[in-house]
Amino acid sequence: MTNSEPKIVAFCCHYCAFAAADLAGVLRLKYPPNVHIIRLPCTGKLDTLYILKAFEAGADGVIVAGCLEGGCHFISGNLRAKKRVLAVKGLLARIGIAPERLEFFNLSSAQGDRFAQIAREMTERIKSLSSSVLTPLPEGKG
Amino acid sequence: MIVADQKPIEEILQMLEPYRKVLFLGCQTCVAVCMAGGEKEVGLLAAAVRLARKHQGRPIEIVEGAVKRQCDDEFNEPWAKTIEQQEAVLSLACGVGVNKLSERFDVPILPALNTKFFGEVERQGVWAEVCAGCGNCILHLTGGICPIARCAKNLLNGPCGGVRADGTCEVAQNGSRPCAWVMIYERLGKLNQRQNLENIFGAKDWSSDRHGGPRKRIREDMLLEG
Amino acid sequence: MSELKHGAVAVVGGGIGGIQATLDLADSGFYVYLIEEGPAIGGRMAQLDKTFPTNDCAMCMLSPKLVEVGRHPNVQIITLASVEALEGQPGNFRITLRQRPRYVDITRCIACGRCIASCVYQDAKFPSEFDVGLGKRKPIYIPFPQAVPLAAVVDPQTCIFFKSGRCPQNCLQACERGALDFTQTERLFSLDVGAVILAPGFEPYDARLVGEYGFGRYANVLTAPQFERLLSASGPTMGKVLRPSDGKAPKKVAFIHCVGSRDLRHQSYCSAVCCMYATKEAIVAKEHDHAIEPTIFYIDLRAYGKGFESLVKRAREEHGVRYVRSMISQIIEIPETKNLLIRYRDDSGSVREEEFDLVVLAVGMRPSTKGQELARKLSIELNQHSFAQTSVFSPVMSTREGVFVTGAFTGPKDIPETVIQASAAAAAVAALLAPARGTRTQAKQYPEELVPDGSPRIGVFVCHCGSNIAGVVDVKAVAEYAKTLPGVVHAENVLYTCSQDNLKHMKDVIREKKLNRVVVASCTPRNLAALFQDTIREAGLNKFLFEMVNIREQCSWVHSDQPERATEKAKSLVRMGVAKARELKPLSVQSVRVAPAALVLGGGLSGMVAALTLADSGFETHLVEKSSELWRDLQELVCIPEGEDVQGLRAKLLRTVRTHPQIRVHTNTTVKEISGFVGNFSSVLRGPQGEERIQHGVVIVATEAYEHKPNEYLYGADARVLTQRELGRALTEGPRVRAKTIVMIQCVERNEKRPYCSRICCAEAIKNALALLQQDPNRQIYVLYREMISYSFLEDLYRRARDSGVIFIHHDEQSLPVVRKENEQIVVTVRDTRLRQEVLIKPDLVVLSTGVVPDPYNEELSRLLKVPLDAQGFFVEAHIKLRPVDCTSHGIFLCGGSHAPGTIPELIAKAQAAAGRAAIILSKGQLEAGGIVASVDQEKCTACLTCLRECPFGAVFINEQGLAEIEAVKCQGCGICAADCPAKAIQLGQFEDIQELRMLEELFHPERMSAV
Ligand code: SF4
Ligand code: SF4
Ligand code: FES
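Protein chains in written order, with numbering that gives the first Met the number 0: chain A, 0 to 141; chain B, 0 to 225; chain C, 0 to 1011.
Hint data in this document are derived by calculation from the structure and do not stem from the laboratory. Careful, some of the hints might be misleading.
To be verified - In silico contact screen, one side only, chain A against chain C (beta carbon under 10 Å); selected entries: (1) Ala-18; (2) Leu-39; (3) Tyr-49; (4) Ser-127; (5) Leu-128.
None of the values given here were measured: they were computed from a predicted structure. Quick reminder that beta carbons are idealized off the backbone N, C-alpha and C, glycines included.
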């Protein structure tokens, strides 16, 4: 790859976070291109497995973004997701991956700027972590 | 149902230390229901182990699967070929499954779970031990509430002096568990069977429990051979 | 009662208002003739580049609507037509049309442009109407790329054949489809319709008439509509801002407000939109060319709508747009440079001069000649400004029964107001013609669905979106790259994927190449996925064999600073989309019955109007009011306009609502619970008689906004300090006001926390001031203001107040007035920006314009309905421009102050619009269910009950086999169960694990990325 910016996956719920990401575009805000959005109907659909798979696929960070609390289009999806993310954070810590690489956010569809800010912040946050965390130690190649 | 708990990931990683090619095999019955070893957990655990091993620089190849019930050979049989190609199998079943696989296959079968007890679902995410499997049931006398399993001291003639004023057990921290005998008392009251309490239970014959060694049950009429 | 009513409607005018009214009616069971003077629908909005306040791309919003109208089975578009006469009565009209010949058969024309290329005129030399004269066209032309109908048209005024009869007519030969037909003649014909909606729109004020600005004489003085075309990617300069005189990029650009407006020599009223569009154009210009330094010369900055304030703030703070409050006395062209010298009087009164490279005139709106002619032919009355005459209480009704008017025909207004009025007019028509609903319409027919067999054959369409995407992302490279991906058998880049010609092309490709899955990489799926899904369905594919990749909002627009990486990202996104597409499966859809009732929350003016509109359309309506009475307090909810009998309106409304057989009024009632979803809500009302469960298909939130009670300016501490409403009440109900000297303070406590303009306070203050003067002409009245928001016809009222001696003192936002007490005397001081000094007034009465705040009950409703509020506590609409009364959640609609403050006619129109939008759902009777729902693999389910416990909608049940099963109709498709099932027995359609995981696997795939 031509750039060394951290690769980030953002799981966004259709109704709020994804819409906020759209709004960020409409407002022509800027954030690093390495943030890739995957649309879910609701963060309630976020299988904990997806997070681990994202890291396996080479992500340096994972954003899970759903509606504001109380604002989930499906009532409780974001509450479930928040707990799942918390559990995976615990697991990550125990397998040597900084839990800061994973974060859950609540935002409304009107918060385009917040989305861009989150994308920038997570990029910065992950840059500041030791970059070797996910790369295999040299002798283990192959 | 059998309630089990996943072992700490550190322990699992340690068990898997020598191996590079492993089958993670879940069980879709009890341990799926108690969210310790069903197909979902297999996927998660496998991903976590792969990540950890990659991070250690010692990647591991994992085949993932789950069978309906690991305590039956027939369900495991379709996996035979796969199992034989592995350096080891990590079983996400209860101990029964681990034993079963071990009897059948010549590969190391490793337990991913700590099998704990027979339990009920108190509410989603909470499982409680309510039966001890002692082999000699007296629930008809105790209003359906098992003193062996639910009294910390397995008392047959409770309660002990440790019951707190609020009806909780002295053994459990900060009143987190009700005294089984208080429950029995109240339940019998509701059923109008308080007179049951007048019977003093004699000393319990523990021979039916696992203190007498591993148990077996046979139902002659269902035997297919002979 | 059984008089004949026609189930068809004539909508005259194909701008955004006419389009909205058309779609609303066509979707709710009426056949619509959409009659347009020009060769294509789209109106003024089609010519806009961006729209305020979100700077959304106008064409992106409009184009799908154009396409929808063009494809709608219940709409017939009649272009180049004008209305000649209207006979008959409401319900049973006969409308006579005159249709000019197009000389092109639109059913044959494929808009290939060969005729245009072959025209004897080698170069386009006639001013293009669409590009407001800045671009050129030939005598035969296609109005604009997204035009509907998309076909060429011959202009007989410029065509040599018609002018001289001697032309080789190359075009005839060039057309391979034989679409040209020079024998066509004018046609006169009549149609039977039940009602008519007039939406002829406006005309920009002719800047030539404002001689001092030199438009038409000075090359570098443009009108705002012209400048808009310069900004447009599809405009004459492809979005580059260039000076007409020398084609150079200008640096200093001046925008001059109120050209032709607020001026007795021209139009006395305020055109209501210029302040905002000029701000928008200034920002967009800056975005297009960073070197541009925009300056806005304005009189009052009227940022009174939702989100306007923050746009102006952004313009100032982020884009460095300079605002100068001033009167322009003259513009002089400097002959050598063609630069323009602006002479103006600034705030302090001193005259200054400044040189600019380009001047843009923010011309106002004037009533269109078409509209005036229409009015004459249809005998409807016009007001003193020659806009359609309406009344405060019937904002979309003309003076002729059965003829409705909407949009800028009724007065200057912006797009959302136009859309609201259009929906309101459609609702009024639907109510009038309720018995005839469905008599003229037919359901859309689709071909048999093909069963996808064999391996995936994916088609990928990568959109340029004009320059929106292609300006940043190398779309060609993305399309080429897509071709290399497994499963892809077709990939191409397209100028506008959503254009009608491309949709047709897509269908052809699907058939020709036997595609069984389609990926579109363009804008957000939130807007257009349905359109593409319908298109592939028309080609025989199940509509779920479709995946949309967002490379605009989530790529080109946010990464325009890094085009290469944006291209890489677009490739990744396409790769993921294709990976998902490979795993897509067809999903089935069933119909569900709609509960034919409505729940209206809030029994104020808006709630009552909404309930009546719905009830008149034939739907049972529950009107729920938490207090003991409907519209309890006359003055609490609304600002009473001058001279209108609001008391009478209230009495009439109360009477009709109370006695309407279709309305059930629930006072003293709150909502305890709302469950379900569009078409099938189930709510528990808690009232004096206990709890009651009702079933309804739609919800209308109609809470009102209330006057804010301030903490400042001695309010509450001194009886001589009142709010405007309190003064209004005293003026109508007594006790008599005795004060001689009165100070009114505007925008009280309008601050960061409450930044929005309440829209009504200025008019209220002016009205009260005039009433005070009427009682006693010797009074001294001072109005201290930041901006006077007397938009549209309210400007006349403002002028009357000034002429009557009310003194208006402008102060800065930074130097607010101070009110204090000196020995029982109230003293007000303020720094007057014009005088540049402190002014001291000793009034007997201080009146505070405090603005309005939303009902605090909104918070609870927001929770119950699961729909968001904005930071100020107003409900958020689905789309600020085009879906102003829809909520983000389907089946929920907004009106009243729940959504934004408004005047009585605005509130009434909004309530009618919300009711009309809701009635569309109710009139359908059936909605589609299924599709994206969860289902349980019975083989895998271990009956752990997790899903049963978790489903927020109670969609899971345990079947006879003792296993979990999901009721498709109830399932909302959240996927909570699928994510938590420990046996992985549940999959959610369109979001199956395999689909998601494949996307993740492909996400960062360096090998594939470098492969191209
Ligand atoms: S969660 Fe899964 S296993 Fe449990 S009942 Fe539902 S479908 Fe069956
Ligand atoms: S996806 Fe599952 S949890 Fe969500 S509504 Fe459907 S059945 Fe209920
Ligand atoms: S819909 Fe956004 S989190 Fe559930």
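Hint by hint, here is what the structure shows:
1. Ala-18: With Cβ-Cβ at 6 Å, under 10 Å, it holds.
2. Leu-39: holds (7 Å)
3. Tyr-49: holds (6 Å)
4. Ser-127: This interface hint is violated because 21 Å lies over the 10 Å limit.
5. Leu-128: At about 18 Å, which exceeds the 10 Å cut-off, the nearest Cβ of chain C leaves the hint on Leu-128 (chain A) violated.
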